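Asker: Single-letter residue listing:
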Amino acid sequence: MIPAQFDYVRPGSLAEACAELAADEDAKVLAGGQSLLPLLRLRLAYPSKLVDVGRLPELSGVHDRGDHVYIGAMTTHDEVIRSAVVTEGCPLLALATATVADPAVRHRGTLGGSLAHADPAGDLPAVVLALDGVLVAGSEEGEREIPAAEFFVDYLETALRPGEVLAGVKIPKLGPGWGFHYEKFHRTAQAWAIVGVAAAVRRADGAIAEARIGLTNMGATPLRAAAAESALRGAELGDQVRQACEMADEGTSPPADLHAQPDYRRHLARVLTRRAVLAAAGSP
Amino acid sequence: MSEIDVGVVAEQIAESDQISEPSGAPELGRPRRRKEDGRLLTGRTRWTDNLSRPGLLYVTFLRSPMAHARITRVDVSGAIGLPGVVAAFSGRDFADEQGSLPCGWPVSEDIVIPDHPPMAVSEVRYVGEAVACVVATDRYRAADALEAIDVEYEPLPAVVDMREALSPDSPKVHPEGNKAFSVKIESGDVEAAFRDAPVVIDRTYVQQRLIPTAMEPRAVMAETDGDSYTVWSATQIPHILRVMLAVITGIPEHKIRVIAPDVGGGFGSKLQVTAEEVLCLLLARRLGKPVKWTESRSEGNMTVHHGRDQIQHVRLAADADGRIRGLRVDLLADMGAYLMLVTPGVPLLGAALFNAIYKMDAYEFGCTGVFTTKMPTDAYRGAGRPEATFAIERTMDELAAELGLDPMEVRRRNWIRHDEFPYTTVSGLTYDSGNYEAATDRAMALFGYDKLRAEQADRRDRGDPVQLGIGVSTYTEMCGLAPSRLLGEARYAVGGWEHGSVRMLPTGKVEVITGTSPHGQGHVTSWSQIVSDALGVPFDDVTVLHGDTAVAHKGMDTYGSRSLVVGGVAVLKACEKVKEKARRLAAHLLECSPDDLEFHAGAFQVKGTEQRKTIQELAYAAFTAHDLPEGAEARLDSDATFDPENYSFPHGTHLCAVEVDTETGMVKIRSYVAVDDVGRVVNPLIVEGQVHGGIAQGVAQALFEEAVYDADGNLLTTTMADYLLPSAADLPAFVTDRTETPATSNPLGVKGVGEAGTIASTPAVVNAVVDALRPFGVADVRMPCTPERVWRALEGAGR
Ligand SMILES: Cc1cc2nc3c(=O)[nH]c(=O)nc-3n(C[C@H](O)[C@H](O)[C@H](O)COP(=O)(O)OP(=O)(O)OC[C@H]3O[C@@H](n4cnc5c(N)ncnc54)[C@H](O)[C@@H]3O)c2cc1C
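Order-wise, the sequence lines are chains A and B.
Residue numbers for the first sequence follow my numbering, so the first one is 1 and each next one is one higher.
Residue numbers for the second sequence follow my numbering, so the first one is 285 and each next one is one higher.
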């Protein structure tokens, strides 16, 4: 279908963008448009104005900041995959981003757009959550930092306030000894995840010292598999890991849709968590 | 990087196959790259939506959000006066002139053909049915204005499930009830075949509903010029459409011209006379201005006719050694809300093919067409034949499992041997030729059947979480639709002939006109090859025109793998007539008897001499007409219609190996081998392309695609995120090969290849999935075999 009428502005700075948003509560930020434009075309959203922040220099680029990687919100998926700073500083993000859609979408869609859109079926929110990322929001009042654990509020809802633009995300680097894996379960190469599991695992002495697990599409927001994470602490590869991963779906409330019912999603979360953890631990 | 010049790319594509082709070699059998592709691949195409006319207006349709409701009020006044809006109409505004969309195949005496107004007037019967429309100066304004139209509905109960629809207390889709028709066919003594049969396999299969999803969405443009009309449409059937538009609207046939420009795929979905085509024509007439409508993908998912949707009850009686005694088939076929062009005929196209390549004593076929409040079904790649082939091939595997035999062995024991052709089957078709042994032996060798069976056994022994399954599918189908006489007996509204004409131009080039209407099949290339050989002219000197009723005045269009088998042969016959005229002219000019002339490499030569006239020289001589034989006309051209005496019967053997992750239910195709016998091959590249695409589409039915309606009759799969199509990344590299057993029913020896891959592959894949799961106690998985369904089958079987 085709969208209803809207105005379009392309501000020259973040400050201008924030002013545009503050002046019109029905205005919406336009990033890569890969989620927003489908909504407009299906007439599921009727913004009065699109504020295109896609080319703002302040929002672009990947920066190595010592203990963390800073990624501008408008960095495209393709740029994320190709960035050496990302593949070295937070490889899990690169792994997961490479599974997003297809090359055409990855050349337009942005990391910031994915996070601000907060679709729990999106692959990147769970990754940023698992890595304890910190989201940086800009507004007329200045910048504000929001930990990922507080950012994803509900289905397609974030802690961003009206008039705020997501400027970037800080991803803490994990030291040596960590391994990573993103296990995406989907029916076709270009389909969204039925369930996805992002795992970061530190091994010590043949056992798991520490695990961080983010779950895609297991609730209204991306989730941490907290019970499995604590059960995995000290678990030996093998039966102990297997048992710990049986808790991966604890505290989740997976959706029902055409591709899967909740009980099947729970089952998948358990199996895929085991696979992701073992793969991250280098022991597939 | 420098800009790519599309013109240069197109030329390179066109030139690339001139290299290293020996001249004088026959064109038939040569892997010519398609003449069409340079233009198609570089985006210089004439899709209907790319076309424009001065002052063009855009049409959008307001569609019913209800599966079933009485329309109590439609108020379009809110739309009128909005910026850019030229007009807005409801169904009532066209009630007197819009007629009823046609059903061209009233399959039985008892058939109920309900009135089918292009725009609903008093009742809607499926979600997406048009209830009003807006005409505006651009598409955006037309879409905006739809929101200002007010429609009041009085909800009526949805009828979604076929079985429930047939129960006496079901709500009715039409006042006449929910049964559209019933057909029964019997051959041999079925009672006897089943009486005391040592083995009876009794299975029910569900052929899920599919959405054809051609790459190019539908689009229609219509224009009036006084009392004449031109309709451009993304259609497979410009000729049938023209006749039907005349009948429906009362506009005289000679005042309507239909053009199918470049058409981007159809798979049967554009073998239709649609509401939008009729309404665009009527809008152009009402407003006196050109109008265009282009559907969106989600609109198309709702309103392009759907395919398949049958429940198949199959019973097969066999002897203890696996020999088939008899077969009983009972179908429920979902018609949807109305009978469209060939809706009721689709399940019957498979009626004679459930017995497939097998010999048996008795056969019984019954089919009930059922109305539901869903989008009508109609032809979709294979139309009836994939459904039939699936049912019998799944059942052959079940018979093998029951008897503990190898699935291929059971087939061998029952199939028609190559020395038994021509063979008249229990359902009454006469298969002219075939060699199932040869195709199967070749496929088994390419597949490495025994090695895969060994690996399967090993994985079973080890309890590997990833199990291997091997699926077999042997098939035949009937192509080359169709002998007109047989179509008449089947109560089909039109004939099955095809027309071709060939004219030599003054400079020796050749213009061919075909009544087929290609929409991706490469007729321009294949027909050029046929003409090149027949007249001895260079491949590049042939052009092929099609798809415009003012250019190709006669034709039956493209569907049912008929184009080469019927239309290609018509072109060949026209060439032969041209050659005969040329021979007489050459004899006159060379002052000899026509019988003294030999035709070779495009020239007539007096036997035993150097005296010759090339066909190009003769074309010029016919053009100048300075010296023609007594009574000859100044033309070197001819046309021909060909009406086949029998169907053609491609066949083949497809083998599929799948890996099933028993933890998640995920199915991955590990390898796939297809050996098809499509008779003589005109262009191996095109055949290969058809086979690849066909397999992909059949795999899609097995594993991915399903149109889902909820209990209220809402279509849930309106976008590509919900209606999953596989891409190359989801498919293995297909291994394909051919055996060539020429058809005896046409002079080219060709059989048709458009549907073969789709027909064969679906059962091959599902048989493989079930084969992998059989040790766990799973005997069937409903299509599509999604990970969740496979997982639940395993859970249900208790592993
Ligand atoms: C065919 C297809 C398949 C896809 N498959 C996947 C997949 O498998 N996995 C996956 O993770 N994603 C998938 N996507 C989504 C894709 O990753 C999108 O790019 C992403 O979700 C949104 O990013 P965007 O830059 O396009 O944002 P947009 O679509 O422009 O915006 C999305 C939303 O976020 C808001 N927004 C954007 N940027 C900001 C900002 N800086 N500050 C505040 N608000 C903002 C917008 O207002 C809008 O509401 C798919 C998309 C398509 C079209």
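Hints are not guaranteed to be accurate.
Have a look at the derived ranges for each label pair, beta carbon to beta carbon [stated by the list, open to error]:
1) B:Asp748 to A:Ser283: 58 to 68 Å
2) A:Leu42 to B:Gly1061: 39 to 49 Å
3) B:Arg737 to A:Glu246: 34 to 44 Å
4) B:Gly327 to A:Ala189: 18 to 28 Å
5) B:Arg701 to A:Ser283: 49 to 59 Å
6) B:Ala1012 to A:Ala15: 41 to 51 Å
7) A:Val9 to B:Leu325: 33 to 43 Å
8) B:Val1019 to A:Ser283: 33 to 43 Å
9) A:Ala189 to B:Glu393: 42 to 52 Å
10) A:Glu246 to B:Glu693: 14 to 24 Å
Residues of chain B placed beyond 12 Å of chain A at every Cβ, according to the derived structure [claimed, not checked]:
11) Asn334
12) Ala371
13) Leu450
14) Arg787
15) Ser877
16) Asp880
17) Glu914
18) Val951
19) Glu972
20) Phe988
21) Glu990
22) Met1004
23) Ala1012
24) Ala1013
25) Ala1017
26) Arg1073
Note that these hints are calculated values from the structure, not bench results.
Predicted, not measured: the structure shown is a model, and the values here were computed from it.
Think of the CB as a built atom: it goes at the ideal place given N, C-alpha and C, for glycine as much as any other residue.
Asker: Okay, B:Val1019 versus A:Ser283 on CB: inside 33 to 43 Å?
Answerer: Given a distance of about 35 Å, which is inside 33 to 43 Å, the answer is holds.
Asker: Minimum C-beta separation from B:Arg787 to chain A exceeding 12 Å: can you confirm that?
Answerer: About 45 Å separates B:Arg787 from the closest Cβ of chain A, which puts it past 12 Å; holds.
Asker: Holds or violated: the 33 to 43 Å window for the beta-carbon distance between A:Val9 and B:Leu325?
Answerer: 38 Å, holds
Asker: Quick check for students: does the CB of B:Leu450 sit more than 12 Å from each CB in chain A?
Answerer: 27 Å, holds
Asker: Okay, B:Gly327 versus A:Ala189 on CB: inside 18 to 28 Å?
Answerer: 25 Å, holds
Asker: Measuring Cβ to Cβ, find out whether B:Glu990 lies farther than 12 Å from everything in chain A.
Answerer: 8 Å, violated
Asker: Does the hinted range 14 to 24 Å hold for A:Glu246 and B:Glu693 at CB?
Answerer: 44 Å, violated
Asker: Checking the smallest CB distance to chain A, is B:Asn334 really beyond 12 Å?
Answerer: 17 Å, holds
Asker: Confirm or reject: B:Phe988 is not an interface residue toward chain A, with every Cβ-Cβ distance exceeding 12 Å.
Answerer: 7 Å, violated
Asker: Classify the label on B:Val951 as holds or violated, using whether its beta-carbon is more than 12 Å from each beta-carbon of chain A.
Answerer: For B:Val951, whose nearest Cβ neighbour in chain A is about 10 Å away, the distance does not exceed 12 Å, so it is violated.
Asker: Hint says 39 to 49 Å; check whether the CB-CB distance for A:Leu42 and B:Gly1061 agrees.
Answerer: 43 Å, holds
Asker: Could you check the hint for me, namely that A:Ala189 and B:Glu393 are 42 to 52 Å apart, CB to CB?
Answerer: 50 Å, holds
Hints 1, 10, 18, 20, 21, 22, 23, 24 and 26 from the earlier list are contradicted by this structure; the remaining hints agree with it.
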